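J.: Sequence:
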Amino acid sequence: MNSSCRSVTSICNDVIAVTVSSAVSKFDQVLVSDEVLVTFTSVVDTWSSLVIAFLGIVCNVLTIIVFAGLGFKDTVNITMTVIAFWDLVRVLCGAIHRCYGPLSLLSPTLGKSWQNITIPNVNSLQNIASNVAYVIGGYVALERCLCISFPFRVKSLMTPKVTWLACSALSIIVLASLFPSLFLLEIQWMKSTGQDELVAIYRYSTFYFTYGLAYMNFYKYFNLLYPFISLSVMVVSTAIIAYTLGKSSRFRKKMLKTPTTPKQGTQSTSTLTKRDVQVVKMLLLVIVSYILVLVPRVTTFMVQLFEPEFIVLRFYNNIFRLIVGVILFLDFVNSSSGLAIYYFMSSKFRSRIQWIVRNAVIGCSCSTFK
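Counted the way the working numbering counts, the sequence shown spans residues 1 to 370.
Watch out, some of these pointers could steer you wrong.
To be verified - Below 30 Å or equal to it, Euclidean Cα-Cα: the simulated DSBU-like pairs (lysine-lysine) are:
| # | residue 1 | residue 2 |
| --- | --- | --- |
| 1 | K348 | K281 |
| 2 | K281 | K161 |
| 3 | K274 | K112 |
| 4 | K73 | K161 |
| 5 | K274 | K254 |
What the hints assert, rightly or not - Estimated spans, in silico, between C-beta atoms of each pair:
| # | residue 1 | residue 2 | range |
| --- | --- | --- | --- |
| 6 | K247 | N217 | 18 to 24 Å |
| 7 | F152 | S351 | 25 to 31 Å |
| 8 | W189 | V154 | 51 to 57 Å |
| 9 | N217 | L31 | 26 to 32 Å |
| 10 | P102 | K155 | 46 to 52 Å |
Quick caveat, the hints were computed from the structure, so don't treat them as lab data. Note that this is a predicted model, so its numbers are computed, not measured. Ideal Cβ placement from N, Cα and C applies to all residues, glycine included.
All chains, full assembly: derive it from the sequences and hints.
T.: Quick look at the structure:
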């Protein structure tokens, strides 16, 4: 997959299938040795990521249920539901793929087959879902920045219908641009070396040889542009939001120290209510969590532009694979953290989820005593 391995996300689809045994002497051993890479892959990339992914499935399902219960009259509920949906796709794909870990305990051949079978479609879908989530995260940052910078003008335009259309349009655009990547590889069964067992391997498909060479040039740029643009929008929007919040806080303190009754029109200077501030702080945490994931991802892209050996199966294979593994693990943590952020930052969300849990416990208790 050398032609496709020009971006972190495309590398992630292929990197797990490369065994360390193939890297005896041609890969750099100073920064990261083969032994360290094997341990890291097993502990972090396989088992820890699997646990976090399963936890993320539960968290995102609960998040979607809670926001659906709260209703979609508030645009924040809409954007957070869309993000939770794509986060659910990310962790679900990650969990399905990493089931090769438990399966390998039963049969190494079965585990390897599962690993290879899920790379062409499941891993590619995870990559697509990640890019959609980044773009939606960038949209949330930009929307909130505009809402607090021009509150009266923007809030009247950003209706629930407009928000649904915007999130749907962005999701469809990213999905359509990356969807062909699902057809670049195909599965073939062959006998494993030294054993009379069939093992699944993946190889380039007919679609790849027909259209893939031309598409890969666009694919690598899409995988670079989506995270880079999203990160840029998030950083700029976060800076503006933080400045506006600080300005609003200073205004409130000044008003509290002023005993005189404010003149007509003075109250409009501070356009942020306590609820607005709390919502903005909650969304800032979500945005910052995305920034923390996107910074190492985009940085890795930039390093690849200047160091051609910083790629899989080249001199810096080991350190590259370790960094990619860390990025994927951070992706899973990011995809699973939404529930905790909403629970601690939103009283409505907290009350709703407590109501759901309480009813579930009462329902279980009633069924037990029947």
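J.: Could you run down the list of hints and mark each one as holding or not?
T.: A quick look at each hint next to the structure:
Straight-line distance between C-alpha atoms of K348 and K281 comes to about 15 Å, which keeps the hinted pair within the 30 Å bound. The suggested pairing of K281 with K161 holds, with an alpha-carbon distance near 24 Å, which does not exceed 30 Å. A distance of roughly 54 Å separates the Cα atoms of K274 and K112; the hinted pair therefore is violated under the 30 Å criterion. For the proposed pair K73 and K161, the alpha carbon gap of about 9 Å is at most 30 Å, so the pair holds.
For a cut-off of 30 Å, the pair hint linking K274 to K254 stands: about 16 Å separates their Cα positions. One distance hint, 18 to 24 Å for the beta-carbon pair K247 and N217, is violated here, with the actual separation near 45 Å. Taking 25 to 31 Å as the suggested C-beta distance range, the pair F152 and S351 conforms, at roughly 29 Å. W189 and V154 have their C-beta atoms about 56 Å apart, which keeps the hinted 51 to 57 Å range intact.
For the hinted restraint 26 to 32 Å between N217 and L31, the CB-CB distance of approximately 30 Å keeps it satisfied. The hint said 46 to 52 Å for the Cβ distance between P102 and K155, and at roughly 49 Å that hint holds.
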